[in-house]
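Enquirer: Residue strings, one per chain:
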Amino acid sequence: MTATRLAKGGYIDRDQLLNFTWDGRTLHGHAGDSLASALLASNQQVLGRSFKYHRPRGLMSAGVEESGALVTIGRGDHRDANVRATTQELYAGLVAQGQNAWPSVRFDAGSISNLFGRFLAAGFYYKTFMGLPPFEWGSGTGMWMRYEKIIRKAAGMGEASRSPDPDHYEHAHGYCDVLVVGSGPAGRGAALTAAKAGVDVILVEQEAILGGDTLAQPQAADNLADQIKALKGAGVRIMARTTAFGLYDGGVAGLLERVTDHLAEPPMWMPRQRCWTLRARYTVLATGALERHVAFGNNDRPGIMTANAARVYLNRFAVRAGENIVIATNNDSAYAGAAELAQAGASIQILDARKSIPDAIRAQAADAHAALRTGAAPLMAHGAKGITALDIAGQHAANWREAGKTDCDLLLVSGGWSPVVNLLSHRGVKPVWDADLACFVPGQTNEPLSMAGSAAGIWNDNACLLSGQAAAERAVAHLGGAQGSSAAPAPGGWQGAITPLYEVKVPGRQLKSFVDPQHDVTTEDIRLAHREGYVSVEHLKRYTTLGMATDQGKMGNIIGLALMAEALGKEIPQVGTTTFRPPYTPVSLGALKGRNVGNHFRALRRTPLHEWNLEHGGTMTMAGLWHRPWYFARSGETIGDAYVREAQTVRRTVGLCDVTSLGKIAIQGPDSTELLNRIYSNPFAKLPIGKARYGIMLRDDGFVMDDGTTWHLRESEYFMTTTTAHAGKVMAFLEELLQTRWTDLRVHVTSVSEQWAGVAVAGPKSRQVLESCVENPAAVSDANLPFMGVLETTLKGKVPCRIARISFSGERAFEVYLPSDFCPDIMDALWESARSMNGCLYGLEALGALRIEKGHVTGAELDGRVTIEDAGLGRMASDKKPYIGSALRKRPDMARDNRPRLVGIFPRDRREIFNAGSLLCAPDHIEGYGEGWITAVTHSPALGHWIGLGFISGGHSQWHDKTVVCADPIRKGNTAVEIVSPHMFDPDGERMYG
Amino acid sequence: MLRIPCPFCGTRDHSEFSYGGDASVEYPALEAPAEAWLEAVFQRDNIDGVQLETWQHLHGCRMWIVVERDTRSHEIHSVRPAHEGLASALAQSADPVNES
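Chains as they are written, first to last, in my numbering: chain S, 10 to 1003; chain A, 21 to 120.
FYI, nobody ran anything at the bench for these hints, they're computed from the structure.
One or more hints might be untrue.
To be verified - Pair ranges (Cβ atoms, derived):
no., chain 1, residue 1, chain 2, residue 2, range
1, A, D68, S, A407, 43 to 49 angstroms
2, S, E780, A, E59, 54 to 60 angstroms
3, A, H94, S, H954, 45 to 51 angstroms
4, S, R755, A, A49, 15 to 21 angstroms
5, A, A49, S, S725, 51 to 57 angstroms
6, S, G18, A, D68, 54 to 60 angstroms
Claimed, not checked - EDC-like cross-link-like pairs, simulated, lysine to aspartate or glutamate; straight-line CA separation at most 20 angstroms:
no., chain 1, residue 1, chain 2, residue 2
7, S, K899, A, E55
8, S, K738, A, E51
9, S, K364, S, E332
10, S, K738, A, E36
11, S, K899, A, E36
12, S, K889, A, E36
Stated by the list, open to error - Computed footprint of chain S on chain A, listed as stretches where at least three residues anywhere in the stretch have a Cβ under 8 angstroms from a Cβ of chain S:
no., stretch
13, 45-58
14, 65-75
Each residue gets a CB set at the ideal place from its N, CA and C atoms; glycine is no exception.
Make a model of the complete structure from these sequences and hints.
Expert: Take a look at the structure:
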């Protein structure tokens, strides 16, 4: 193949010379080139090695369907593998490399596997699991693991960088009235018509410049530039380098905008790519059609490409792809290019598979001074690394037979055209086979969506324009609330009919004919799959991997279907087609994740005391979305030292802990008491004003949903606290009940979690700390504020606050809620007072130690599978009133007395440590799920050894006198433990109530 | 992506909403027997067609709504507030939110 850059023409800037590197060599192209056109103009023919057989591959197309020229772009961590050279814009300094080859794509040691091709036929992976034929030896997973290493090394594609992606990406959102996909004649017609009707239009084009198929045609006196100017003038929003990769429900399209992939040195502030969620009220798909290949011997050789690709290279990029060209076609579309290539100086032979062709088409061949043979087709290509000659087949009755040989350096193939129905297929609309046009055309849909142009099977430019305009008229009518009835041109438009041609073969001749070149699926693989009993197209696809490569069958699917239909003795529509799914072309994971990486992976919630905690030496940990203080280490302390000291200090003097993350809900209205009495399992009807009560909520199914305290502030106002984890769930459930089930209750619920900051003041000296900070110290006396008492008062500085004497730690303790804006100042005052009493700040780890000692449950225990009895709180549940979950908590299985019950756990040897997550087993039966599990462990400063909470079938009474094994096979091993009451410290609560 | 026309806020992405459940379920009185609650909590039809669902506009107005959705096409036929009093008040409102 001898390609030549023409002296004029094309959409390239000859004044801008761009150097780039291909496999270590410096080459050059021009601004406006694709990497493919620049490589072609530099006469680089072998651009890749095939997936399994390492066959040399070159350019097969000029667009997104490319299956041969897959290359790796960039260096180091910016490396991007499996990039189609045809869609990569050239820039100065671009570095590209061939893939799946060593040492290079031109000399590839791996190509020897071509010789062992028979072992890599259809279903190879499946068969390897079964054993290697013919002896069926070495079957099974163990052997597979060994083969896999070798196969993966030999068969493959580009290699990704193993470092984190250094580029950044963005998500963006958009809205429009009409989305037009594709800027060919139909897309431009649709966009202009719709915009002129006054609606908001977005036109997306996957290429860098607008034009679509128009770019493949000779330039007609700047007509295209005028049309683009008109589009802009009419207010069309144009998004180039943007692919509509998926269509979703509700008129939502996924767009991938390649922002900097074409820039030599992208500015730091620009995202590499932007993933758009675009909501359109009407969508026009003018996505064009892709030209098909034909299966014949060595049809994958470099120097064989689609007829339209050569036209694109000639007219858009001003590269004549060969000198001595054979064009093999079965339809009219290849003839226009023949004349243009001849005019550019190439000699042309045309093989037309049709027996008779229209006179006008014959005249086009004459214009090209082409030798025209009808009833002829390519049979086998010669040449090791590029085509040098072609064996020709001639039609003889219904069969092909050998009919000579000709030299050539470029073979252009047109096997017909396949409308790009992919996006419509994403909407679940099956394409319909049109036997006259030998292609799938779009099926009917009720959605606000139209197909236009060659995507609808319309082959004639003018008719494409009309169909685009008609689609726009339907869109505008739809937006106006009317039914559009603009008649679109009928599909078709060639002068002569197409003669379907999928494979050329002659009896008795072995040919290597590729159906899916990217996955090395041959015609024989399809037939082998059929012989082995695969009849469904979906199974065929998975067995042969046909259409499963990065091009998703754009080049080969129809040929595969046709061969399967032939093998089955059926027609193509009876075999069916596989469903196209998003994305239309590959989308990088980076674009899909956008900015949601690292700390932005999920939302982060900080309490108003966050900075204060950090300033006072807090180490933070994640609790759901919240950042909470974990422990406050003094110099030299480990986390273990710190939390043990903190827990000890709380039991000896006093500690302060940020508990802002607890959920807080204001419950207001005359029926508030009734609401609470219905949702809590324990009685709330008679909770006096100025008192708080610990309550447990169940779900409808009778399992525990959440626990917390609710404070009665005024006649018709309560303040509810929930666990950190279930704050949102409880709030939504209350709203659901009030809006759907109990619409007669006059209650309003408001989340006030953000409005109130919370501090736990816990320890024997907690009252003294409060006394020093409130305006009226007498208000917090034991008499005024007994256990579970609630007080609304003011802190020094006239800051209003809510205080309840509630204890999670088991000590005399208070929860103080402050308006969020004031809390750092108040915290300073509390801390000054606490510090003077040898108090401490404590974090989640000490909080955990204190509550485990007391057997107080949290989310670790209330995991949604636990009944109120399981949690040891069954006595609290009321028998006198109905409430949410009261009916179903009495189900027989939930009353089983061998259900797992909450217990405390001590190591038998008190010096031992054990882990949360371990299973509890009987010593003679360490297997399966065991008898229970451990939910939380801590070192207990009060008891001086490790303790845990967990669940075990039957609970404490079943196991208190037996040895139990804490099984932890993959971490620590087994530990002998004792089952004790969960109330491991101060079981009578003297410290808390006193 | 579903686009749900919230009766209070207008059409929004479904990612602003949270799915509730089967809106055709009539929850029994709290004191009803376990059998009635078993039916309401666990028995669900797997509808191939149009069904009524509750959704909450969680990241919007936080209102619970009843959505009539076709499970085959995801087409949404109607939307109304779950609270009947609000639904009738909204219907009488002079300036209902544009649903398009």
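Enquirer: Hints broken by the structure, by number, lowest first?
Expert: Violated: hints 3, 5, 8, 9, 11, 12 and 14.
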